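Dock chain to chain to rebuild the complex, using the hints, since each chain is given by itself in its own frame.
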Amino acid sequence: MKPTKRLFSIAIAALLASAAVQAQTALDDVLKSKTLKVAIPTDSAPYGYVGTDLKPIGLDIDMANYIGKKLGVAVELVPVTSANRIPALQTRKADLVISTLGKNAEREKVIDFTIAYSPFFQAVFGPKALNAKSFSDLAGKSVGVTRGAMEDQELGKVAPPSTDTKRFEDNNATIAAFVSGQVQFVALGASVAGNMMAKNPQLDSEYKLLLKDSPNFIGVAKGEDKLRTRVNEIIAEAKKNGDIDTMAKKWLGRPAGDLPL
Amino acid sequence: MRVQLDFMAVLAEWPLLLKGVAWTLALTAVAVIVGTLLGIACAWVRGRGFGDTLAPRWLQALVGGYVELIRNTPFIVQLFFIFFGLPAAGFKLSAETASFIAMVVNLGAYAAEIIRAGIEATPRGQIEAAISLALNRVQTFVRVVLPPALKKVWPGMVSQIIIVMLGSSVCGQISTQELSYAADLIQSRNFRSFEAFIVIGVIYLLLSVALRHGLNWVAARFLFGRG
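Chains B and Y, in that order, give the protein sequences.
Residues in the first sequence are numbered consecutively from 1, following the numbering used here.
Residues in the second sequence are numbered consecutively from 262, following the numbering used here.
With the rest of the complex left out, here is chain Y (with noise of 0.2 Å):
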């Protein structure tokens, strides 16, 4: 048997990548976005770098909860537990809402640490001068506190990022059609596995470089500034 690469059979079926390529993308924006967010508030609630402004108790075990059920359980496992485990619990989720969820709430966990650590870097000098300039607590978190925590943990976050992109490759498992998924199908309707891997690998190599370039871009921009 000679083996003989056929890129054209799997590039031929384009629209099915182009459509992997768009739901990997989407996934990814979503958790991106929801999941900094949670992750600033779980690290607001989990720092301790600043002073009085401690969230109550009950709060704090809440998320350190979380965040050690996540980060101690694979992704996969979250996955099939939102999309198999729930229905029986009367929380019946479509697949493509349940890697939606499965994604935010992977990311959250892993940001809120990351970003956590960014806040306890933060000098107490700094938080007492904004006290002593009349800021409230939420402008001392949000003007003081949070740009130079995410600019120092930055590279970090971006990595985790791109980690959970890479991640969302799982979610074809359960049907969400991104683009693990399209290869999968393609290799299984014309058996050009070895060729199907291959163009997702560089796809995704692209994606992840274009992510990080994009991410430090915007957050250069609009979360801490340059400099």
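Bound-form chain B, shown alone (with noise of 0.2 Å):
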């Protein structure tokens, strides 16, 4: 068996080896191609969801197309779920990750990371009639979460080892198993709740528990920099001139207020 298997891991190696030999070059390639691939939300209102034209919209459109201007590239938005947002990037299907992605070091082992350009916070949201005034409160309770995304590594962390997890594929699921009763809590972006919560008032949830206060970051191919370094520039000038602001305000119904570096 042992043989076998790195046999098969070496060739499977040298059919990728050729693909790895063009790194640092995604810069120069949006350039040349004039097309700026960014995978984007389409199950995280307000940050992307899809309009009722049925075409993506949000802040994180609205984001990878001032990108785009910027670059004076076209943008082509592909749509990515949690789950395979970093794989996107890992495989080349996208050259930016513009998806409400936050930062932590898991992640920084695979993709690097430009400025924030978001706010953003998780947190657990239930029904009134059930309590939880702090994650021990979560014991034995069904949650729902997405996986991949931020919630589900935080919930790991913080929920007693009797909480049921159940994890879904996108945040549509997750929500349908809340709203119909699939689980008891459910772990989201505060806006993605939000939204959940306005459009099925006879749930009569509300917000619980704090997860994590994570701005949003743009996700870029690790070593990437010259890229990277490209975006962080653009997102610094938008911060200055006020741009961030306006379409924080669009969205978010706030402004951007102080986000990490």
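These are calculated hints, taken from the structure and not from any lab test.
Possibly wrong hints are sitting among the right ones.
Unchecked claim - Think about it this way: if two alpha-carbon atoms lie no more than 27 Å apart in a straight line, the pair counts; the simulated DSSO-like pairs of lysine-lysine are:
(1) Y:280 - B:157
(2) Y:353 - B:141
(3) Y:353 - Y:280
(4) B:55 - B:69
(5) B:128 - B:157
(6) B:69 - B:37
(7) B:239 - B:222
(8) B:141 - Y:280
(9) B:226 - B:37
(10) B:250 - B:69
(11) Y:353 - B:199
(12) B:32 - B:70
(13) B:55 - B:249
(14) Y:353 - B:128
(15) B:128 - B:199
What the hints assert, rightly or not - Pulled a few chain B residues facing chain Y out of the computed Cβ check, cut under 10 Å:
(16) 84
(17) 91
(18) 106
(19) 144
(20) 149
(21) 181
Stated by the list, open to error - A few chain Y residues facing chain B, derived, Cβ under 10 Å:
(22) 341
(23) 446
(24) 448
(25) 449
(26) 450
Since we're looking at a predicted model, the values are computed, not measured.
Don't be surprised by glycine CBs; every beta carbon is placed ideally from N, CA and C.
This is how it looks when you write it as structure tokens:
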């Protein structure tokens, strides 16, 4: 078994070696092909969702178009779910990930981040009838969460071991599980949850516990420093001239506030 | 960026993978046993190959509707209907129960049509011989019609069962912790998606081969005899 497996991995590594050679070229490729491929969410209103004309809209989409305009290239939107945002970068399906992406140590091992561009926080939500004053109150309760999202990792750190964590493929499935009563609590990004509660007043649910204050960053493939530096310049300039605040006010109803570098 | 495969990062999560294999096998085992029985029952209702042992017309219509409904809709839609849809009607099922039901219902419909083909291929003379030996209808069906029918269609049944086992990978979408769910969870933690899916691909392959041999052995020994 062992030698065969090694041979197999060598074969695949060889197959991918050709792709690995072209490192540090993302910015040049973008400028040459005149298209910027951006991974965006379609399940995270108001950051990225599908409008009534079935086209993606939201803060992240505006940000993608903003960067495309500054680079002078066309933007190609690549819809992704929370779970496949990072693989989209790794496999070069996207040059940038602008998809409510939070920064943490695990992610920094595999991709690079620009400076933050919009505020975000994750929390646990639940029905008013159920008491949850601290994370220990979640013991023995079921909590729905989107697999691979920041909430998933944060919840794993703070929830007691007897919490029944149910993981779903994307935010829409997580919300569907909560709305249909399949889980008692739900861990979501605040704006996504706000949207869910506004559409489902019959649930009588409320904000329960803060998981993490985590602003959004733009993800860049590991080692693509040229592209990252250029995008950082664009964001820094947009912060200075107020464009970032304008976008935050348009979609979130408040200014972006102090964002970390 | 250099692509390096790191299988240890995935294999280090072997308890998750093992749990996934156990769930996949459990889902498949229940689907095979209950689904095949359901399939035989439905095949009996729909089968027209043996004289006057026909089920009532309303039952035929009911089973016909079931078979058509299941065979003409995707498995994931059936699963989502049971898990997300039925709670609205007051039937709240856990993800695991919903998965078991969806697998059984799905295999039952396909098995019904496969086994029906075997039943209808039974020569009429055999049924007449059974009746002339004073066997009643149940005896005729269970002892004369069914064993050779199953034997004829067994390769088709086995491949359908394998399709259903591989289809169980969809059950992870509603948080049943089967093998694909394990791989998704592992790769969402360490971002080793390529390795994770290669590993479970190999596991599924081994499970399928083992399942085929196991089913052929069990069927030859208990269902219709060798030879």
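Here is what the structure says about each hint:
Of the pairs offered as hints, the one joining residue 280 (chain Y) and residue 157 (chain B) holds, with about 21 Å between alpha carbons and a cut-off of 27 Å not exceeded. For a cut-off of 27 Å, the pair hint linking residue 353 (chain Y) to residue 141 (chain B) stands: about 16 Å separates their Cα positions. This hinted pair checks out: residue 353 (chain Y) and residue 280 (chain Y) have alpha carbons roughly 25 Å apart, not beyond 27 Å. As the CA atoms of residue 55 (chain B) and residue 69 (chain B) are separated by approximately 19 Å, the hinted pair is consistent with the 27 Å bound.
A threshold of 27 Å between alpha carbons decides the hint, and for residue 128 (chain B) with residue 157 (chain B) the separation of about 24 Å falls inside it, so the pair holds. A threshold of 27 Å between alpha carbons decides the hint, and for residue 69 (chain B) with residue 37 (chain B) the separation of about 13 Å falls inside it, so the pair holds. A threshold of 27 Å between alpha carbons decides the hint, and for residue 239 (chain B) with residue 222 (chain B) the separation of about 25 Å falls inside it, so the pair holds. Only pairs whose Cα atoms come within 27 Å are accepted, and residue 141 (chain B) paired with residue 280 (chain Y) is accepted, the gap being roughly 21 Å.
Taking the CA atoms of residue 226 (chain B) and residue 37 (chain B), the gap is near 16 Å; set against the 27 Å cutoff, the hint holds. For the hint pairing residue 250 (chain B) with residue 69 (chain B), the CA-to-CA distance comes to about 19 Å; that is within 27 Å, so the pair holds. Proposed proximity of residue 353 (chain Y) and residue 199 (chain B) is supported: the alpha carbons are some 22 Å apart, at most 27 Å. At roughly 15 Å between alpha-carbon atoms, residue 32 (chain B) and residue 70 (chain B) fall within 27 Å of each other, so this suggested pair holds.
This hinted pair checks out: residue 55 (chain B) and residue 249 (chain B) have alpha carbons roughly 21 Å apart, not beyond 27 Å. Proximity of residue 353 (chain Y) to residue 128 (chain B) is assessed by CA-CA distance (about 21 Å); at most 27 Å being required, the pair is judged to hold. As the CA atoms of residue 128 (chain B) and residue 199 (chain B) are separated by approximately 16 Å, the hinted pair is consistent with the 27 Å bound. Annotation: interface hint on residue 84 (chain B) holds; nearest CB of chain Y at approximately 8 Å, less than 10 Å.
Annotation: interface hint on residue 91 (chain B) holds; nearest CB of chain Y at approximately 8 Å, less than 10 Å. About 7 Å separates the beta-carbon of residue 106 (chain B) from the nearest beta-carbon of chain Y, less than 10 Å, and the hint is met. A hinted interface residue such as residue 144 (chain B) counts as satisfied when its beta carbon comes closer than 10 Å to some beta carbon of chain Y; here the least separation is about 8 Å, so the hint holds. Below 10 Å, beta-carbon pairs count as interface contacts, and residue 149 (chain B) has one with chain Y at about 8 Å; its hint therefore holds.
Because the closest C-beta pair between residue 181 (chain B) and chain Y is about 5 Å apart, less than 10 Å, the hint holds. For the restraint placing residue 341 (chain Y) at the interface with chain B, the shortest Cβ-Cβ distance is roughly 8 Å, inside the 10 Å limit, so the hint holds. Restraint check, residue 446 (chain Y) versus chain B: the minimum CB separation of about 6 Å is within 10 Å; hint holds. At about 8 Å, the closest approach between the beta carbon of residue 448 (chain Y) and any beta carbon in chain B falls short of 10 Å, and the interface hint on this residue holds.
A hinted interface residue such as residue 449 (chain Y) counts as satisfied when its beta carbon comes closer than 10 Å to some beta carbon of chain B; here the least separation is about 3 Å, so the hint holds. Among the interface hints, the one on residue 450 (chain Y) holds; its C-beta lies about 7 Å from the nearest C-beta in chain B, closer than the 10 Å criterion.
The structure agrees with every numbered hint stated previously.
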